[in-house]
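S.K.: Keeping their order, the protein sequence lines are chains A and B.
Per our numbering, the first sequence starts with residue 6, numbered consecutively.
Per our numbering, the second sequence starts with residue 4, numbered consecutively.
Hints listed in this document are in silico derivations from the structure and should not be mistaken for laboratory results.
All of these numbers come straight from a predicted model, not from anything done at the bench.
Cβ atoms here follow ideal geometry from the backbone N, Cα and C, with glycine treated the same way.
Mixed in with the good hints, there may be bad ones.
Heads up, incomplete: computed chain A residues facing chain B, CB under 7 Å, no partners named [unchecked claim]:
(1) Pro75
(2) Glu109
(3) Phe112
(4) Glu114
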Amino acid sequence: DTGVSQDPRHKITKRGQNVTFRCDPISEHNRLYWYRQTLGQGPEFLTYFQNEAQLEKSRLLSDRFSAERPKGSFSTLEIQRTEQGDSAMYLCASSFTGGADTGELFFGEGSRLTVL
Amino acid sequence: AQSVTQPDIHITVSEGASLELRCNYSYGATPYLFWYVQSPGQGLQLLLKYFSGDTLVQGIKGFEAEFKRSQSSFNLRKPSVHWSDAAEYFCAVGGQAGKSTFGDGTTLTVKP
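Start from the sequences and build out the full structure, keeping to the hints where you can.
M.R.: Right under this line is the structure:
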C-alpha cells in the first residue's frame with residue numbers, strides 16, 4: 006500500500022470555475038477526512054466519512070462545497086463557483102477505527118488550489 | 004471545545020543544538036496528542052503520538068515528547084537538530100469521531 010494519494014497536486018483556476026479533487030485513502034481504512042489549510046495556519050476540519058456515509062460537515066463547508074465517497078472507497082471534493090478565498094491546500098486523511106477512536110490520521114500530500 | 008496553542012510561530016536553532024517546541028492544549032478528558040511535521044508543499048507526517056501510559060514518548064527521526072497533564076502541555080524535543088529537520092511542526096489533539104484539532108504550527112529554521 007502506497008498511502009493516501011491525492012489528485013491533482015496543484016490546480017490553478019479562474020474565479021467562478023468549478024474544481025474537483027480526488028482522494029484515495031489507505032485501502033483498509035474506513036474513515037476519510039478532508040481538511041483545509043491556509044498559509045500560516047494549521048489544518049482545519051471540513052468533513053469526514055465513515056465508509057460511504059458523510060457523518061459530519063464543518064460550518065466552514067459552505068453550500069458551494071460538496072464531498073462524496075461512493076462505495077466507501079475514494080472520495081471527491083468539489084468546489085463550485087470558486088472564490089479567491091477558496092485558495093488553500095486541501096488535505097485528505099484516512100484512519101481505521103478498529104480500536105479506540107484516537108484521531109491518528111494518515112495524510113496525503115494535499116491538493117493546492119489557487120483561484121485567480 | 005478543544006484547542007491547541009503553539010506559542011512560537013518561528014524558531015531558529017543551529018545545527019547540532021537541542022530543540023524544544025512548545026504545545027499547550029485544552030481538552031475536557033484524557034487527550035490523545037500528536038506531533039506532525041510538514042515539509043513545504045507536502046502533507047503531514049506523524050512524528051509521534053501519546054495515548055496513555057508513559058508520559059515520555061519516542062517518535063521517528065530522534066524526536067521525543069513529554070505529556071504533562073498539570074501543565075496541559077505536550078512539548079516536542081530533539082537533542083541534536085539536523086539541517087533536514089527544517090520544516091513546519093504541528094501539534095494536534097484527537098477528539099470525537101477521530102477528528103483532530105491542530106495548532107497553527109511552528110516553523111523551524113536550522114542554521115548551518
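S.K.: Indicate, hint by hint, whether the structure satisfies it.
M.R.: Hints, one by one, checked against the model:
At its closest, the beta carbon of Pro75/A sits 21 Å from a beta carbon of chain B; the interface hint therefore is violated under the 7 Å criterion. Checking Glu109/A against chain B by beta carbon gives a least distance of about 6 Å; that is within 7 Å, so the hint holds. Of the supplied interface hints, the one on Phe112/A holds, with its beta-carbon coming within about 4 Å of a beta-carbon of chain B, less than 7 Å. Interface hint status for Glu114/A: upheld, as the beta-carbon distance to the closest one in chain B is roughly 4 Å, under 7 Å.
The earlier numbered hint that this structure contradicts is number 1, and it is the only one.
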